[in-house]
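Trainee: Could you slot chain B onto chain A? The hints should help.
Chains A and B, in that order, give the protein sequences. Under the working numbering, the residues of the first sequence are numbered 1 to 159, in order. Under the working numbering, the residues of the second sequence are numbered 1 to 173, in order.
Keep in mind that the hints were calculated from the coordinates and are not lab data. Backbone N, C-alpha and C fix where the C-beta goes; we use that ideal spot for every residue, glycine too. Treat the hints with care, as some may be off.
As the list claims (entries may be wrong) - To spell it out: a stretch of chain A is covered by chain B in this simulated footprint if at least three of its residues, at any positions, have a beta carbon under 8 angstroms from a beta carbon of chain B; those stretches are:
| hint | segment |
| --- | --- |
| 1 | 15 to 27 |
| 2 | 35 to 43 |
| 3 | 46 to 60 |
| 4 | 64 to 78 |
| 5 | 142 to 148 |
To be verified - Below, a list of computed lysine-lysine pairs in the DSSO-like style, where the Cα atoms sit at most 30 angstroms apart:
| hint | chain 1 | residue 1 | chain 2 | residue 2 |
| --- | --- | --- | --- | --- |
| 6 | B | Lys65 | A | Lys141 |
| 7 | B | Lys93 | B | Lys16 |
| 8 | B | Lys83 | B | Lys93 |
| 9 | B | Lys72 | A | Lys136 |
| 10 | B | Lys90 | A | Lys141 |
| 11 | A | Lys141 | B | Lys160 |
| 12 | B | Lys112 | B | Lys64 |
| 13 | B | Lys39 | B | Lys171 |
| 14 | B | Lys93 | A | Lys136 |
| 15 | B | Lys93 | A | Lys141 |
| 16 | B | Lys93 | A | Lys117 |
| 17 | B | Lys39 | B | Lys79 |
| 18 | B | Lys168 | B | Lys39 |
| 19 | B | Lys171 | B | Lys160 |
| 20 | B | Lys112 | A | Lys141 |
| 21 | B | Lys149 | B | Lys65 |
| 22 | B | Lys64 | A | Lys141 |
| 23 | B | Lys171 | B | Lys76 |
| 24 | B | Lys76 | A | Lys119 |
| 25 | A | Lys34 | B | Lys64 |
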Amino acid sequence: MSTYRTSRNIEASVIDFTVDSLSNGGWNNINVIKGFSRVYDMDLPIVAIRAEDTSWEYIELGSNSMVRTVDVFIDIFATSDGQRLDIKDYLVLQYRNGIDYYEHTIDNGIVSNKTLKGKLIVTNISDTPVNFSVNKELLDKRDRYRHLIVLTVTLNEVE
Amino acid sequence: MEVRIEYRGKSTDQLKKMAMDLVNEISGEFMAIGQEAHKEMLNIIDSNRKRRKKNHPQNIKDSKKSLIDAIKLYTKVTKTQMKWEIGDVKYLKENAPHWASINWGSSHLVGKSLLGRFDDGLPSSSSDKTSLWHPKSEGNEENGWMTVKNPIMPLNYIEKTWNFVLRKLKKYV
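Bound-form chain B, shown alone:
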């Protein structure tokens, strides 16, 4: 005498395989969300970055570009665990220490004189009309030092990326 247990015509082995296939599919989609979230975060920062003109001095640091380069995607897949992480605070502190100010906004530079370039559309005060430097009235004008007047506005790229991930995960909940 033979006893066979089936669910809707499927044996337990077939049901086990269906469950594993579903787990693998969801796991694949979960890992894909990590990649999409990473791209989304970089896109949020990049879309708020002012592009330099062709003949801009290369020695002037582009803070948002260095932040983009420092935000990496870390993935780990083992037999029992699957995870992804975006950004590493320790690495960011060393390579893009301004990551927090760009995310949450800050006034720590207001009133300071820095060597940099701020586009205001005004022509250079020098006789060479192709010169890139057009210093403001405050600060040390002679060497192109600028005085920061406004605080850094918050970009909230972390919170916006988190909301992006939540919307993606909604379909599984």
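Looking at chain A on its own, in the form it has when it is part of the complex:
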């Protein structure tokens, strides 16, 4: 039995929160996945989540203690332009209040337990439509109605 480290816990917590939020909002047919490459093997609509850059800031002079801030990228792949706007608006409103942070325990490669340990504070949200500047009919159907939400989150804990 082992546990995820902080970065994996952050990513998994955002994924779990997204799944629960979409389900509570009546969005029952959206695939929520970790990463990006599997998107092109799945049915739409899809939300793909990945934790990318982490920045570290010292909390005070003379100390090695730091606080981490993580950029989480949420790619939305919708079936239409209207759906794209609705999903991203709904998710942004959910994320802005913060995300429950869980520590995950894994057993034989599967998450066996998760314990609530705090809250991820969302310090910045940006959302951008993904526009390839070509006729949409020339694009793969998964690339036609895309949106990107970038969350900057922190646990506000000294490490």
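Mentor: Chain B only, in chain A's frame:
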């Protein structure tokens, strides 16, 4: 009778000069952020670029290198305005049309046969062991055509550079 107005021993002219010096200092730092952001964006792309070996054919385009060359920093300083911009979409469309796919990722090449080289560490099937071409089993093997199997992964260099700029601007807010 003389009336002099001062703030903490400084006259209005001195205060005006202090304010202008502060504006110039912040403006200089703001313009420096533009240069740092430009370098950061190029670094994000460059650090994810596979380097070619010495005897690689020069006629094969390096898409990330051409993108790096196409992303330029534009600055404008006038008496009333100071700004910087990184990249020009119109210029990128002409000189590096793959800029969007590299930023956001795309599957538009999956399944297509292209002339190119993909490092997989396997030796060439030809008798000449120094040959650069090692075609896959699908596609037209004879002339070194490869079939793309995986989508382009997103680099998000635009969003990452934007977050870099936001962190730099934090100290002024």
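Trainee: Just to be careful, I want the Cα atoms of Lys171/B and Lys76/B compared with a cutoff of 30 angstroms; is the pair within it?
Mentor: Distance of about 23 angstroms is within 30 angstroms: holds.
Trainee: Are the Cα atoms of Lys93/B and Lys141/A separated by 30 angstroms or less?
Mentor: Answer holds: Lys93/B to Lys141/A is near 22 angstroms, not above 30 angstroms.
Trainee: For the segment 64 to 78 of chain A, does the count of residues with a C-beta closer than 8 angstroms to a C-beta of chain B reach 3?
Mentor: Coverage by chain B holds here, the residue count being 3 at a Cβ distance below 8 angstroms.
Trainee: Check whether the Cα positions of Lys141/A and Lys160/B lie no farther apart than 30 angstroms.
Mentor: It holds: about 26 angstroms lies between the C-alpha atoms, which stays within 30 angstroms.
Trainee: For the pair supplied as a hint, Lys112/B and Lys64/B, confirm whether the alpha-carbon distance does not exceed 30 angstroms.
Mentor: Within the cut-off at roughly 20 angstroms; holds.
Trainee: Measure nothing beyond the straight line between the CA atoms of Lys34/A and Lys64/B; if it is 30 angstroms or shorter, mark the hint as holding.
Mentor: holds (26 angstroms)
Trainee: Given the proposed pairing of Lys93/B with Lys117/A, does the C-alpha separation stay at or below 30 angstroms?
Mentor: violated (47 angstroms)
Trainee: Would you mind confirming whether the straight-line C-alpha gap from Lys64/B to Lys141/A stays at or under 30 angstroms?
Mentor: holds (25 angstroms)
Trainee: Take the C-alpha atoms of Lys149/B and Lys65/B, compute the straight-line distance between them, and say whether it is at most 30 angstroms.
Mentor: Given pair Lys149/B, Lys65/B holds - Cα atoms ~22 angstroms apart, limit 30 angstroms.
Trainee: For Lys65/B and Lys141/A, compute the direct alpha-carbon distance and say whether it is at most 30 angstroms.
Mentor: holds (29 angstroms)
Trainee: Counting residues of the segment 35 to 43 of chain A that have a beta-carbon nearer than 8 angstroms to any beta-carbon of chain B, does the count reach 3?
Mentor: It holds, with 4 qualifying residues against the three required.
Trainee: Lys83/B and Lys93/B were given as a pair; does the straight-line alpha-carbon distance stay at or below 30 angstroms?
Mentor: Cα-Cα ~23 angstroms, so holds.
Taken one by one, the earlier hints fail for this structure at numbers 1, 7, 16 and 24, listed in ascending order.
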